[in-house]
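If you're matching positions, the sequence shown starts at 0 in numbering that gives the first Met the number 0 and goes up one per residue.
Incorrect hints may have been included.
For each label pair, taking beta carbons as the anchor points, the in silico distance ranges come out as [what the hints assert, rightly or not]: (1) 126 to 51: 33 to 41 Å; (2) 24 to 111: 18 to 26 Å; (3) 89 to 4: 33 to 41 Å; (4) 21 to 113: 19 to 27 Å; (5) 106 to 45: 32 to 40 Å; (6) 105 to 41: 30 to 38 Å; (7) 19 to 46: 20 to 28 Å; (8) 124 to 85: 33 to 41 Å.
These are calculated hints, taken from the structure and not from any lab test. Think of the CB as a built atom: it goes at the ideal place given N, C-alpha and C, for glycine as much as any other residue.
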Amino acid sequence: MFRQIPGVIDARSGYSGGGAKDPTYEDVCTGATGHAESVLVTYDDAVVAYGRLLEAFWSGHDPTTPNRQGPDIGTQYRSAIFFHTPAQEAEARRSAEDLARSGRLRAPIVTQILPASEFYEAEEYHQQYIRKAQAR
């Protein structure tokens with residue numbers, strides 16, 4: 000979904016927020032590494048605002064289900080925003096508060112908003128997974 004937004008240069012699947020070094024998909028799936036499946040979005044802030052990326056994030060998944068996205072269950076599927084700057088943190092928290100007050104959700108937001116740690120790129124077969132699945 001991020002690749003559809005003008006100004007997004009790249010969106011890479013990977014793993015963030017855990018303690019293990021160089022985790023594989025199989026490692027992350029155990030839940031033992033502490034990582035969340037995540038997307039590292041590279042964008043041109045002269046073309047697209049961070050707030051627009053946050054809008055896509057909120058609309059692209061259910062931020063009210065702890066440790067679950069669709070049929071996938073486990074801590075690796077938790078909802079999380081990993082910020083890189085204090086300004087990103089403030090904007091992410093403000094957008095979460097705005098969404099919570101909007102009345103659009105039927106349950107509280109459980110999304111974690113955390114400092115970015117090392118991002119480990121997922122294996123190639125995970126990159127653009129939905130596009131690849133739709134092409135089959």
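Outcome of the hint check:
{"no.": "1", "hint": "126 to 51: 33 to 41 Å", "verdict": "violated, 22 Å"}
{"no.": "2", "hint": "24 to 111: 18 to 26 Å", "verdict": "holds, 21 Å"}
{"no.": "3", "hint": "89 to 4: 33 to 41 Å", "verdict": "violated, 21 Å"}
{"no.": "4", "hint": "21 to 113: 19 to 27 Å", "verdict": "holds, 20 Å"}
{"no.": "5", "hint": "106 to 45: 32 to 40 Å", "verdict": "holds, 37 Å"}
{"no.": "6", "hint": "105 to 41: 30 to 38 Å", "verdict": "holds, 34 Å"}
{"no.": "7", "hint": "19 to 46: 20 to 28 Å", "verdict": "violated, 35 Å"}
{"no.": "8", "hint": "124 to 85: 33 to 41 Å", "verdict": "holds, 36 Å"}
Violation of the numbered hints given earlier is confined to hints 1, 3, 7; the remaining hints are satisfied by the structure.
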